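Position 32 (the sequence shown) corresponds to 589 in the working numbering; numbering is contiguous.
Treat the hints with care, since some could be wrong.
As the list claims (entries may be wrong) - What follows is a list of derived Cβ distance ranges for each label pair:
no.: 1; residue 1: G670; residue 2: N907; range: 34 to 40 Å
no.: 2; residue 1: P662; residue 2: A941; range: 37 to 43 Å
no.: 3; residue 1: H644; residue 2: C789; range: 43 to 49 Å
no.: 4; residue 1: T587; residue 2: P607; range: 16 to 22 Å
no.: 5; residue 1: V571; residue 2: R760; range: 53 to 59 Å
Because the hints were derived from the structure by calculation, they are not lab data.
The structure presented is a predicted model; accordingly, all values stated were derived computationally and were not measured.
In this text, a Cβ means the ideal position worked out from N, Cα and C, and glycines have one as well.
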Amino acid sequence: MDQNIHNLYLDPFVCNARFAVPLDFPVHFTNDALHLTNRLLCDAIARREPGRRHRLCCIIDAGVASAWPSLPARLAAYMDAHHTRLHLVAPPMVIPGGEACKNDPPLLQEILGTLQRCRIDRHAFVLAIGGGAVLDLVGFAAAITHRGVRLVRMPTTVLGQNDAGIGVKNAVNAFGCKNYLGTFAPPWAVINDLDFIETLDTRDKIAGIAEAVKVALIRDGVFFQWLETNACQLSRFARPSMATMIRGCAELHLRHIAGGGDPFESGSARPLDYGHWAAHKLETLSGHTLRHGEAVAINIALDTRYATVKGLLAAAVAERVYALLETVGFCLWHPALAERNSDGRLSVLNGLREFQEHLGGELSIPLLSAIGTSVDVEHIDEAAVVECIAWLQQRDAGRCA
558 MDQNIHNLYL DPFVCNARFA VPLDFPVHFT NDALHLTNRL LCDAIARREP GRRHRLCCII
618 DAGVASAWPS LPARLAAYMD AHHTRLHLVA PPMVIPGGEA CKNDPPLLQE ILGTLQRCRI
678 DRHAFVLAIG GGAVLDLVGF AAAITHRGVR LVRMPTTVLG QNDAGIGVKN AVNAFGCKNY
738 LGTFAPPWAV INDLDFIETL DTRDKIAGIA EAVKVALIRD GVFFQWLETN ACQLSRFARP
798 SMATMIRGCA ELHLRHIAGG GDPFESGSAR PLDYGHWAAH KLETLSGHTL RHGEAVAINI
858 ALDTRYATVK GLLAAAVAER VYALLETVGF CLWHPALAER NSDGRLSVLN GLREFQEHLG
918 GELSIPLLSA IGTSVDVEHI DEAAVVECIA WLQQRDAGRC A
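Put together the whole structure using the sequences plus the hints.
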C-alpha cells in the first residue's frame, strides 16, 4: 500500500451524514367511499402523480367481506369508473382477520407471494381494507416488499379509524410477544369510511372507544369532558357522537405523531402507550379473547388506581375515569389479571419487562397526574400493582353483587 494512503487511513477522520426526509399523509373522513361519484380514494392515490394510471392490489379482511358481501363487486365497479387513473391488477385477496392473523407466518408469506405475483413495485399501491390486525399484517408485508411499497389503509373498525389505522407503525407477533416484528412506515393515505362501523358487533364498537379515553386522559381535558358528556350516546353508538369521537381521537393521535418530536419512537417516553404495558400481556394471557381496546380499558383502570395509591392523582378524578369507562360499556376486570407464574408471581407483571424491551432503554411508564396531563415514571412498585389488581377485583365483585 502506498505510504501516503496508509497514513491517510491512520489519521482520525469522520464523515457525518445528516438528513431529514419530509413525510406526510392525509387521513380522510368520509361516507360511502366506494360510491362511484366519491373521488376521494382515487384522488388520494393519485395525489402526487395525477396524470398517471396507478397499479394496485387489494387485500380485504374476511370479516369485512362477510359483513359486506358486495364489497369486491363495488371495488371492481369503482376501479372501472376511474379506470383512467386506477388499475386493479388482480381480484381482491381475502384473508382472516383478528389478532390471530398476526400470529400466522404462513399467511404473511402468502401475502408477500401475492404482492410478488402482482408485480407490485415501489410506485404501485397496496389497498388494505380491514380491522387493525389486518392493517398491521398487510402494512408489515408492504413495508418489507422492495423495502417499502405504497400503502393505502381503509380501516373498518373504531380502533382502526381512531388509532391503529392512522399511525406510522406496523407489526406482527412473534416469540409470544405482541408486535415483536415490525417497522415504521407511514401510509400513503388513510380513508376512514364511517359506514363500515355500522356492521361491527357491539364489543368491537365499544373496544375502540378505549383509545379515545386514553388519548383524552393524557392530552386533552376538554375532549375528556366531551366524552363524559356524551358517554350515554357513545354507549348507544349514536352515529354523530361516534363520528365526533373518532375524528377527535384521530386528530389528537396525529397531532402527537407529527408534533411530538419522536414519530419513530427513538426515545423511551411513549405517552401514546399509556394504558398499554399490561394490556398487551393481558391480550396474550387471555388467548386473545380480550379485544385490544378491552385490555387497554382494564390497563387504564389499573394505572389510574396505581396513580391514586401513589399520590399522583386525586381519588375523585380517578372515579371519573372509572365511571366513563364503565358507562360506555367496559368491564374493568378480567380473570387473566389474577393468573400467576409457577413462582407465584402475577403473570401480568411480566408485561413490565416486555414493555421495557419493546421501548428500549429505561422503563418509562406514563401515569396520570390530572385529566389531560401525564408524568413518566421509571419504576413501578410491583407490590402496589398487586394491591391495585386486588382492588379492581373487589370493585368488580361489588358491582356484580
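Against the structure, the hints:
In this structure the hint that G670 and N907 lie 34 to 40 Å apart at CB holds, the actual value being about 35 Å. Here the CB-CB span from P662 to A941 is close to 39 Å, well matched to the stated 37 to 43 Å. The supplied range of 43 to 49 Å is met by H644 and C789, whose beta-carbon atoms lie about 47 Å from each other. Between T587 and P607 the CB atoms are about 19 Å apart, so this pair conforms to the stated range of 16 to 22 Å.
The hinted range of 53 to 59 Å is satisfied by V571 and R760, whose Cβ atoms lie roughly 56 Å apart.
The structure meets every hint from the earlier list without exception.
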